[in-house]
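Asker: Single-letter residue listing:
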Amino acid sequence: MKTAAAGRARGTPLKSGALQQILAFASLIVLVLFFSAASSNFFQFDNIVGILLSTAVTGVLALGSTFVIVTGGIDLSVGTVMTLSSVMTGVFIVGMGLPVPIGIAGGILTGAVCGLLSGLSIAKMNIPPFIATLAMMMIAKGLALVISGTKPIYFTSVKGFSDIALSSVIPGLNIPNAVLIFFAAALLGGLLLTKTIVGRYNFALGSNEEATRLSGVNVDFWKVVIYTITGIFTGIAGIIMASRLNSAQPALGAGYELEAIAAVVIGGTSLSGGKGTILGTVIGALIMSVLTNGLRIMSVPQEWQTVVVGIVIMLAVYTDMMRRRKK
Amino acid sequence: MDQTLVSMDNITKDFPGVRALDGCRFELRKGEVHALVGENGAGKSTLMKVLTGVYRKDAGRIVYDGNEVDIPDTRTAQKLGISIIHQELNLAKDLTAAQNIFLGREPRRGLMLDERKLNEQAARLFERLGIELDPRVKIAELTVANQQMVEIAKALSFDAKVLIMDEPTAALSEAEIGSLFRIIGQLKAEGVGIVYISHRMDELKKITDRITVMRDGAYIDTVATAETPIERIIAMMVGRELYHASGPAQTGKNGEIVLEVRHLNRGKQLKDVGFTLRKGEIVGFAGLVGAGRTEVARAIFGADPIDSGDIYVHGRKVRIRNPYDAVREGIGYLSEDRKQFGCLVDMDVKTNIALPSMRSFVGGLGWMNDRRIGDVSAQIVERLCVKTPGTGQLVKFLSGGNQQKVIIGKWLVRDCDIFIFDEPTRGIDVGAKGEIYELLDELAAQGKAILMISSELPEVLRLSHRIIVMCEGAITGELRREEATQENIMQYATRRIG
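Protein chains in written order, with our numbering: chain U, 1 to 327; chain W, 1 to 498.
Simulated from the structure, these hints should not be mistaken for laboratory data.
Please note that a few of the clues may not be correct.
Said to hold, decoys possible - Calculated pairs, DSSO-like style, for lysine-lysine (alpha carbon to alpha carbon, straight line, at most 27 Å):
#1 W:K317 with W:K339
#2 W:K339 with U:K124
#3 W:K396 with U:K195
#4 W:K206 with W:K79
I would like the entire structure built from these sequences, with the hints used as guidance.
Answerer: As structure tokens, then:
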């Protein structure tokens, strides 16, 4: 048996989610083909761009979530922290009249600080990630409402704010910036996870935290770093959200964290940690929005769309479990 | 009268690509303790899994109590009266001893559970075994030894006629081993046949009647314990002698003091522990399980907090608050529990080797230099003779000995000069043990300072230049290699202070 196992030598741990990724990618293609056949409206440039645009926000959140999930942790606060980030951007730009770039930086910083605090409470106070980020979720939700006075902050007076997400920096190509930001963020996330020391420790932590600690890795420090990275991605999602809606909506955002987690899981990242890829997450996020969009085009009522997405999540995780059990 | 209880004949079991058992034989008599020995991978556990219905045999015959039987699943084995006690105990920690014993078979009164009857029945079982244990105590509150007693009682409650024990003494102290052996004697007297799987030769001598040796999935021989010297059994297992006479090279006596520990205290576990460790020296820590040896190691390494005490590295007082600090002082720790604390089993060899030194592999722009990680780990694999198809192999597919080499390798890459080995050969098969010994000798010869904890006295005597003996959290004796014997070590190990 030993030799058989040895014969199955596999690549680096970073590639170990490969099969699940191929499966996810194949499902994405199948979905696209199915909806294209079902409705001629589906495979149109405008519709595809629409799908990508609707992927941007949850997609960027999912990218950030991938980091904590690979450590075996979870971040339930990304939805409402995203809201808080967009509210803070509104406060900086509309309320305080600061320049747009500073407002954007402030929004991203808000996300980073929230991630930092979650990370500190997990690493230093030993609160389980589920609880710590649940608390952060409520804190951010409350703060967003308090700071905004429960009213939306509109950017209508700020010239060009909605262009951040919706216009296109590439002339002639009608792809909104939000989509480009999503892909750029994915590239950045992919590099961080596979090419840098944070990524290495990320997988090590998720694989066996105690053994990593006993290897002399400062696990507390790196956990804080990783939750902060998640926070930065969350902040970026907040900016995209605010720009798309041309407003900061303090009541929106709760529930996005679960969609982000769903995208990560569909993309083959294991909730028990140690395994996962950014490409998988991108595919997972795309599957979610292709499904929603396609079902809408086929006039499936929204309530049923949610049911279908739920079933897809179950199937995705089930195939992953079956594959693991076979080994 | 035929006393044969189980006879397995010509058992063959194939796994994809490999023949795990090839025409194996095994025979167990009533009231016999029969040892099954062999290196890891020799097929002992596969053979026992066939007997307990975990695996189905591909060929061969099992005769049980005079009838040929088919054992397709574990339930059938249990009904026949064949029980196994695994190394890792299978008990629900939050239930009581009695609840565990009768799990799924609880006595009832109508719809209600009859707790009183449950506890009475458990108490009767304990009495029969001569175990003093309250059946109402939760498993989590019991020592490992007592948990094992509960497992044995559970097996008996199924009217076990065959009891298989897999490394039952691995986590027990000498005193606990004593009471385990007493119970085994009791079971023997009742006519239970016991299959005893262990690596510890001294135990086999003490407790077993016959020994069956396996190697590479094949049956080698069955011998009467009383008539066979240990050396011959080991030779049958590996084909060569293990504790060869060479012993440690006589270096290290006059080396510079690399590590000094003074007045280390931690609750009741460590009492004023102090000692020195010199360059090129292997200091063996002997003592019974629970004497505080692992606690010393973990305290020095910063894995557990200490109440008080000073640690000097190269004569300089250092503050070690966590393993991160310890590793920066050049200390590497090799835990007794490799899978849990030693390596990342789901990751590959090169990541494991690079893990403590990850920072040194960061190249320009902050990118990881994967090529250098690959090169450096390939060098380690070659230097330490790690048997692996490549550095991309996942560590869980390596044998215990090779996992240990990977862990040694990771500290070598980190340039550690103080190595703390906690049970360096636990769970490692006899052949690979020799290699690990040679590696330790070599590390010492290169000037590394080695603190080694071992519960196997022959191992302590084979490796150490100096032996420190602990008992109940305190150092009770220190012996030079020339004066140390198993006997005087055991005297110190049982000498309580205060």
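Asker: Can you give the numbers of the hints that this structure goes against, from lowest to highest?
Answerer: 1, 4
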